[in-house]
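Undergrad: Okay, so the sequence shown: first residue is 495 according to my numbering, each after it adds one.
Since the hints were derived computationally from the structure, they do not count as laboratory data.
Treat each hint with caution, since some may be false.
Derived DSSO-like pairs: lysine-lysine, alpha-carbon spacing no greater than 30 Å straight-line [claimed, not checked]:
1. Lys594 with Lys629
2. Lys546 with Lys565
3. Lys593 with Lys565
4. Lys594 with Lys671
5. Lys758 with Lys629
6. Lys577 with Lys839
7. Lys839 with Lys547
8. Lys593 with Lys563
9. Lys692 with Lys565
10. Lys692 with Lys593
11. Lys696 with Lys547
12. Lys839 with Lys824
13. Lys577 with Lys693
14. Lys546 with Lys839
15. Lys547 with Lys833
16. Lys510 with Lys696
17. Lys547 with Lys593
18. Lys758 with Lys696
19. Lys696 with Lys821
20. Lys692 with Lys547
21. Lys510 with Lys593
22. Lys577 with Lys547
23. Lys629 with Lys546
24. Lys546 with Lys510
25. Lys821 with Lys693
26. Lys546 with Lys758
27. Lys693 with Lys593
28. Lys577 with Lys809
29. Lys833 with Lys593
30. Lys833 with Lys821
31. Lys839 with Lys821
Computed Cβ-Cβ distance ranges for the label pairs, DEER-style [said to hold, decoys possible]:
32. Leu721 with Gly825: 45 to 55 Å
33. Gln724 with Glu836: 18 to 28 Å
34. Lys546 with Gln664: 37 to 47 Å
35. Asp566 with Lys593: 27 to 37 Å
36. Arg722 with Glu799: 42 to 52 Å
37. Pro530 with Ser624: 31 to 41 Å
38. Lys821 with Asp566: 35 to 45 Å
39. Glu622 with Glu799: 34 to 44 Å
40. Asn527 with Leu721: 13 to 23 Å
Glycine is no exception: its CB is placed at the ideal position from the N, C-alpha and C atoms.
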Amino acid sequence: MIEQRKEEHIAITVSKNTVASYNFWDDVVLEHNALPEVDYEEIDLTARFLNKKLGLPLMITGITGGFRKAKDINAYLARIAEKYQIPMGVGSQRAMLVKKSLAYTYSVIREYDIPIRIANIGAPQLRELSLDDLKYLVDEIEAHAIAIHLNYLQEIVQPEGDREARGVLQRVSEVVKEIGVPVIVKETGAGISGNVAKKMIKAGVSAIDASGVSGTSFSAVEYYRALRTQDDRRANIGRLLWDWGIPAPLAVMDCRRAINASRKRVYLIGSGGIRHGLDIARALVLGADIAGIARRALEMYFRSENLDPIVEELKAVMFLTGSRTVKHLKGVRYYIIGKLAEFVKR
Numbered sequence: 495m496i497e498q499r500k501e502e503h504i505a506i507t508v509s510k511n512t513v514a515s516y517n518f519w520d521d522v523v524l525e526h527n528a529l530p531e532v533d534y535e536e537i538d539l540t541a542r543f544l545n546k547k548l549g550l551p552l553m554i555t556g557i558t559g560g561f562r563k564a565k566d567i568n569a570y571l572a573r574i575a576e577k578y579q580i581p582m583g584v585g586s587q588r589a590m591l592v593k594k595s596l597a598y599t600y601s602v603i604r605e606y607d608i609p610i611r612i613a614n615i616g617a618p619q620l621r622e623l624s625l626d627d628l629k630y631l632v633d634e635i636e637a638h639a640i641a642i643h644l645n646y647l648q649e650i651v652q653p654e655g656d657r658e659a660r661g662v663l664q665r666v667s668e669v670v671k672e673i674g675v676p677v678i679v680k681e682t683g684a685g686i687s688g689n690v691a692k693k694m695i696k697a698g699v700s701a702i703d704a705s706g707v708s709g710t711s712f713s714a715v716e717y718y719r720a721l722r723t724q725d726d727r728r729a730n731i732g733r734l735l736w737d738w739g740i741p742a743p744l745a746v747m748d749c750r751r752a753i754n755a756s757r758k759r760v761y762l763i764g765s766g767g768i769r770h771g772l773d774i775a776r777a778l779v780l781g782a783d784i785a786g787i788a789r790r791a792l793e794m795y796f797r798s799e800n801l802d803p804i805v806e807e808l809k810a811v812m813f814l815t816g817s818r819t820v821k822h823l824k825g826v827r828y829y830i831i832g833k834l835a836e837f838v839k840r
């Protein structure tokens, strides 16, 4: 059952329209620098995340695992992560707890020299899992960190969803103290607010992936699954909540404010609808330390592509903003327009 569900998620994502109806990154305009005073060839794309140096300010966030083809997808993306020296997460590892024979679909990434490998488990499953269970997930892929994903939008639409959320914050705090690797808390496309970020910072997490609305909608994914099984009630909820959540740029801005107010070193990932180098730059300017891609990474697998176009796009934006380094880019002036401006005004 879980294998079929994992496979369906990928099949639906690549074959159906499952993206948010509006990409809010288009409402972030970076100020052009007519006098860059930097040579294109001297632009430095390196960044830092979890105290490690990266080749790019980018990561491949957790996408898949738990069915046969997932091994090929994870291996392909691991080669990219190795080539460009960026972090990579795997999809939810719940499947390999239910059926240990599926572990190979995740552990394949151990074979690649990736600067940061990230394990992954859902917050709804935290209460039922022991420390040994979580360490198994980390050890099996030789992870440098573990991500806990908050996917309650998906759970409420999914017919077999887990809707018990009480006690998760306390459990996150316990995992932070016990697991022995940095803990990342991430959304899956509905966004983390400043208030939730404050709670997670207090719990001791090392990084937050704001992951707001603009990219893949898991409500949309579950809508299509419900249509296949003629579950009209779940399909109705999926359609209704298709665009539910916090716009991705706004989530980054809110989380950055919360992190700055805490005066703690918590890293911030900007994800949710990141399509190209310009979106990466937008995320960094708004306060992210690195950006994250999932859907775009999946497209690279199915099209046999790599990150070269994104690298070229990001360097072009850095040149046109007079940014020699990622640190310089973060200081670029920006303007908020369109629908996003209405949210910011509030």
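Undergrad: Indicate, hint by hint, whether the structure satisfies it.
TA: Verification of the hints:
1. This hinted pair checks out: Lys594 and Lys629 have alpha carbons roughly 14 Å apart, not beyond 30 Å.
2. This hinted pair checks out: Lys546 and Lys565 have alpha carbons roughly 26 Å apart, not beyond 30 Å.
3. A C-alpha spacing of about 15 Å is found between Lys593 and Lys565, which places the hinted pair at or below 30 Å, so the restraint holds.
4. Using a Cα cut-off of 30 Å, the hinted pair Lys594 and Lys671 holds, with the two alpha carbons roughly 26 Å apart.
5. About 26 Å separates the Cα atoms of Lys758 and Lys629, which keeps this hinted pair within 30 Å; it holds.
6. Taking the CA atoms of Lys577 and Lys839, the gap is near 42 Å; set against the 30 Å cutoff, the hint is violated.
7. Between the alpha carbons of Lys839 and Lys547 the distance comes to roughly 36 Å, so the proposed pair goes past 30 Å and is violated.
8. Distance check on the hinted pair: Lys593 and Lys563 sit about 16 Å apart at the alpha-carbon level, within 30 Å; holds.
9. Our distance criterion of 30 Å between C-alpha atoms is broken by Lys692 and Lys565, whose separation comes to about 36 Å.
10. Taking the CA atoms of Lys692 and Lys593, the gap is about 35 Å. The hint is violated against a cut of 30 Å.
11. The hinted pair formed by Lys696 and Lys547 meets the criterion: a straight-line CA distance of about 26 Å does not exceed 30 Å.
12. Restraint check for Lys839 and Lys824: the C-alpha separation of about 22 Å stays at or below 30 Å, so the hint holds.
13. As the CA atoms of Lys577 and Lys693 are separated by approximately 36 Å, the hinted pair breaks the 30 Å bound.
14. As the CA atoms of Lys546 and Lys839 are separated by approximately 36 Å, the hinted pair breaks the 30 Å bound.
15. A hinted pair counts as satisfied when its Cα atoms are at most 30 Å apart, and Lys547 with Lys833 does not qualify at roughly 36 Å.
16. Between Lys510 and Lys696 the CA atoms are separated by roughly 39 Å; this puts the pair beyond 30 Å, and the hint is violated.
17. Distance restraint check for Lys547 and Lys593: the Cα-Cα separation of roughly 35 Å exceeds the 30 Å cut-off, and the hinted pair is therefore not satisfied.
18. For the hint pairing Lys758 with Lys696, the CA-to-CA distance comes to about 10 Å; that is within 30 Å, so the pair holds.
19. Straight-line distance between C-alpha atoms of Lys696 and Lys821 comes to about 26 Å, which keeps the hinted pair within the 30 Å bound.
20. In summary, the hint linking Lys692 to Lys547 is supported, as the alpha carbons are separated by about 26 Å, within the 30 Å threshold.
21. Taking the CA atoms of Lys510 and Lys593, the gap is near 29 Å; set against the 30 Å cutoff, the hint holds.
22. Proximity of Lys577 to Lys547 is assessed by CA-CA distance (about 14 Å); at most 30 Å being required, the pair is judged to hold.
23. Only pairs whose Cα atoms come within 30 Å are accepted, and Lys629 paired with Lys546 is accepted, the gap being roughly 22 Å.
24. With a CA separation close to 37 Å, the supplied pair Lys546 and Lys510 exceeds the 30 Å bound.
25. Between Lys821 and Lys693, the direct Cα distance comes to roughly 27 Å. Compliance with the 30 Å bound is thereby established for this hinted pair.
26. Pair hint Lys546 plus Lys758 holds up; C-alpha atoms about 17 Å apart against a cutoff of 30 Å.
27. Note on Lys693 and Lys593: the hinted pairing is violated, with a Cα-Cα distance of about 33 Å set against a maximum of 30 Å.
28. Simply put, Lys577 and Lys809 have alpha-carbon atoms about 18 Å apart, close enough for the 30 Å limit, and the pair holds.
29. Distance restraint check for Lys833 and Lys593: the Cα-Cα separation of roughly 45 Å exceeds the 30 Å cut-off, and the hinted pair is therefore not satisfied.
30. Taking the CA atoms of Lys833 and Lys821, the gap is near 28 Å; set against the 30 Å cutoff, the hint holds.
31. Only pairs whose Cα atoms come within 30 Å are accepted, and Lys839 paired with Lys821 is accepted, the gap being roughly 27 Å.
32. Distance hint check: the CB atoms of Leu721 and Gly825 are about 47 Å apart, consistent with the given range 45 to 55 Å.
33. With their beta carbons about 38 Å apart, Gln724 and Glu836 fall outside the hinted range of 18 to 28 Å.
34. For the pair Lys546 and Gln664, the supplied restraint of 37 to 47 Å is violated, since their beta-carbon distance comes to about 29 Å.
35. In this structure the hint that Asp566 and Lys593 lie 27 to 37 Å apart at CB is violated, the actual value being about 18 Å.
36. Range check, Arg722 to Glu799: Cβ separation about 29 Å, and the 42 to 52 Å hint is violated.
37. Separation of Pro530 from Ser624 is about 54 Å and departs from the stated range, judged on CB atoms against 31 to 41 Å.
38. Between Lys821 and Asp566, the C-beta spacing of about 37 Å keeps the proposed range 35 to 45 Å intact.
39. Roughly 39 Å separates the CB atoms of Glu622 and Glu799, a value that falls within the hinted 34 to 44 Å.
40. Look at Asn527 against Leu721: about 48 Å separates their beta carbons, and that is not inside 13 to 23 Å.
Checked against the numbered hints listed earlier, the structure breaks hints 6, 7, 9, 10, 13, 14, 15, 16, 17, 24, 27, 29, 33, 34, 35, 36, 37, 40; every other hint is satisfied.
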